[in-house]
Amino acid sequence: QKEVEQNSGPLSVPEGAIASLNCTYSDRVSQSFFWYRQYSGKSPELIMSIYSNGDKEDGRFTAQLNKASQYVSLLIRDSQPSDSATYLCAVPRSNDYKLSFGAGTTVTVRA
Amino acid sequence: SAVISQKPSRDICQRGTSLTIQCQVDSQVTMMFWYRQQPGQSLTLIATANQGSEATYESGFVIDKFPISRPNLTFSTLTVSNMSPEDSSIYLCSVGAQSGSGYEQYFGPGTRLTVT
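As given, the protein sequences belong to chains F and S, one line each in that order. Just so we're aligned, residue 48 is where the first sequence starts under my numbering, counting upward by one. Just so we're aligned, residue -14 is where the second sequence starts under my numbering, counting upward by one.
Same shape as in the complex, but just chain S (with noise of 0.2 Å):
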């Protein structure tokens, strides 16, 4: 499976301001996704990210709050803009890779955000 890092690790940040996410891949995806592990709760996808095209947003959430990008097929970034305690999460990312048992996706080590 592809190895994926992600920075920052963790951050502590002030209600207002924003932050941008990294995802890194090291090999060409075409899909990457962007989840949100709230604390004690699964995980909620929030977008879809393909190279070339807009991000595709899951209902609950929105461009002008988590804008994405992706300028390449190794690469792409999550901000959560306009930050509020309720943001404080850990924000995943995934790619996927097809197998015999269908598209398995496999995920990065996460960012731990808590906003103040």
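The following block holds chain F by itself, in its conformation from the complex (with noise of 0.2 Å):
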């Protein structure tokens, strides 16, 4: 098994819609949760972490964590094309700060 898994892609989704991304983990210690937004040639930006059960919200993105069934994820409200690029979900290893990125989602919004 993966240490991080991503529901495959790529996500078509309409301009206004809700884009869903999720991420399953196999390290049950693991504390801390990212999400990573990479457009098309350019580095990961780091756009939410979540480290408790629950709901965790900045401006349109939503990040969900589930520790008991080891998930996480990253929903997108109201979608607009600028939201279109591959986001990685990212979770440190056991006892460290290194970081294991799931293979990505891409999500193309469509106008």
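What the hints contain is simulated information worked out from the structure, not anything from laboratory work. Do not rely on the hints blindly, as some may be mistaken.
Unchecked claim - Pairs of lysine to any residue, SDA-like flavour, derived with a Cα cap of 20 Å: (1) K145/F to G37/S; (2) K89/F to Y91/S; (3) K89/F to P24/S; (4) K145/F to A(-13)/S; (5) K89/F to T29/S; (6) K145/F to T62/S; (7) K49/F to Q23/S; (8) K103/F to S86/S; (9) K145/F to S86/S; (10) K145/F to F60/S; (11) K49/F to S27/S; (12) K145/F to T59/S; (13) K145/F to R55/S; (14) K114/F to E50/F; (15) K145/F to R21/S; (16) K(-8)/S to D74/F; (17) K49/F to E43/S; (18) K145/F to T15/S; (19) K145/F to S44/S; (20) K49/F to R21/S; (21) K103/F to S120/F; (22) K114/F to G85/S; (23) K145/F to I48/S; (24) K145/F to Y42/S; (25) K89/F to I(-3)/S; (26) K89/F to A(-13)/S; (27) K89/F to I75/S; (28) K89/F to N67/S; (29) K145/F to Q13/S; (30) K145/F to T41/S; (31) K114/F to G87/S; (32) K145/F to Q36/S; (33) K49/F to K89/F; (34) K145/F to F46/S; (35) K145/F to G85/S; (36) K89/F to S27/S; (37) K(-8)/S to S66/S.
Claimed, not checked - The calculated label-pair distances, taken between Cβ atoms and stated as ranges, are: (38) S66/S to S116/F: 39 to 45 Å; (39) S(-14)/S to G101/F: 20 to 26 Å; (40) D102/F to D49/S: 46 to 52 Å.
From a predicted model like this one, the values you see are computed outputs, not experimental measurements. Yeah, the Cβ is synthetic: ideal placement off N, Cα and C, and Gly gets one too.
Fit chain to chain and form the complex, with the hints in mind.
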């Protein structure tokens, strides 16, 4: 089992819709979870971090964490064409700060 | 978050040669990380560079191929040695900062390497 798995893409959503991205992880002791956005040809940009069970909202982004089920999700509300990018889920390995990344989900928002 | 710069931003190199990539941060940081992103792939950690100690390499990466220097708390270099076309990737450095949500990492702009 891979350490971090993301739902396969690509994901195409119409403008204004909700884009839902899922991520599961294998290490039960992981405490913090991160979502990065990567535009084509650019480096990853941290857009959301979460460490408590439940929801965390930041503008149009909502991260949801369920440690018992070992999944973390990212919702993008009112999707805009500028949200078209690859979204990477990252989870620190046990007992250190080194990140394991999922394969990424490419989102395309159709105008 | 810290401002991170990398040089060069891109390069085209011939096989068998070496390239040194520089990473500069605008504040002092304890740990710096080097990642590789192969075409169409996600990020893979190469090594962690702490100032004053030897870099620690991940499985599949060795010091002879990817020597790293960390002379001070704001600078690091990664050398890709004896390059082959399989080394064509984006190389990224990152630094971290402790926050209320854990240790967050931020990435430099990356170095796009093409080996011919």
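Now for the hints, and whether the structure bears them out:
1. K145/F to G37/S: holds, 19 Å
2. K89/F to Y91/S: Cα-Cα ~13 Å, so holds.
3. K89/F to P24/S: Status holds; Cα separation ~13 Å.
4. K145/F to A(-13)/S: Status holds; Cα separation ~18 Å.
5. K89/F to T29/S: Holds, at about 16 Å.
6. K145/F to T62/S: Given pair K145/F, T62/S holds - Cα atoms ~19 Å apart, limit 20 Å.
7. K49/F to Q23/S: holds, 18 Å
8. K103/F to S86/S: Roughly 11 Å between the alpha carbons, so the hint for K103/F and S86/S holds.
9. K145/F to S86/S: Status holds; Cα separation ~15 Å.
10. K145/F to F60/S: The given pair, whose Cα atoms are some 19 Å apart, holds under the 20 Å limit.
11. K49/F to S27/S: Holds, because 13 Å separates the two Cα atoms, which is no more than 20 Å.
12. K145/F to T59/S: Given pair K145/F, T59/S holds - Cα atoms ~19 Å apart, limit 20 Å.
13. K145/F to R55/S: holds, 18 Å
14. K114/F to E50/F: Given pair K114/F, E50/F holds - Cα atoms ~14 Å apart, limit 20 Å.
15. K145/F to R21/S: holds, 14 Å
16. K(-8)/S to D74/F: violated, 35 Å
17. K49/F to E43/S: This hinted pair holds, its Cα atoms lying about 16 Å apart.
18. K145/F to T15/S: Holds, because 13 Å separates the two Cα atoms, which is no more than 20 Å.
19. K145/F to S44/S: With Cα atoms ~13 Å apart, K145/F and S44/S stay inside 20 Å; holds.
20. K49/F to R21/S: holds, 18 Å
21. K103/F to S120/F: This hinted pair holds, its Cα atoms lying about 10 Å apart.
22. K114/F to G85/S: OK: K114/F and G85/S at ~18 Å, within 20 Å.
23. K145/F to I48/S: holds, 18 Å
24. K145/F to Y42/S: Judged against 20 Å, a Cα distance of about 11 Å means the pair holds.
25. K89/F to I(-3)/S: holds, 18 Å
26. K89/F to A(-13)/S: holds, 17 Å
27. K89/F to I75/S: holds, 10 Å
28. K89/F to N67/S: Cα-Cα ~26 Å, so violated.
29. K145/F to Q13/S: holds, 19 Å
30. K145/F to T41/S: holds, 11 Å
31. K114/F to G87/S: Since the Cα atoms of K114/F and G87/S sit roughly 15 Å apart, the hinted pair holds (cutoff 20 Å).
32. K145/F to Q36/S: holds, 16 Å
33. K49/F to K89/F: violated, 25 Å
34. K145/F to F46/S: holds, 15 Å
35. K145/F to G85/S: Holds: K145/F and G85/S sit about 17 Å apart, inside 20 Å.
36. K89/F to S27/S: Holds - the C-alpha atoms of S27/S and K89/F are around 13 Å apart, at most 20 Å.
37. K(-8)/S to S66/S: Satisfied, since the Cα-Cα distance of roughly 16 Å is no more than 20 Å.
38. S66/S to S116/F: 39 to 45 Å: holds, 44 Å
39. S(-14)/S to G101/F: 20 to 26 Å: holds, 25 Å
40. D102/F to D49/S: 46 to 52 Å: holds, 47 Å
Violated hints, listed in ascending order, are 16, 28 and 33; each of the other numbered hints is respected by the structure.
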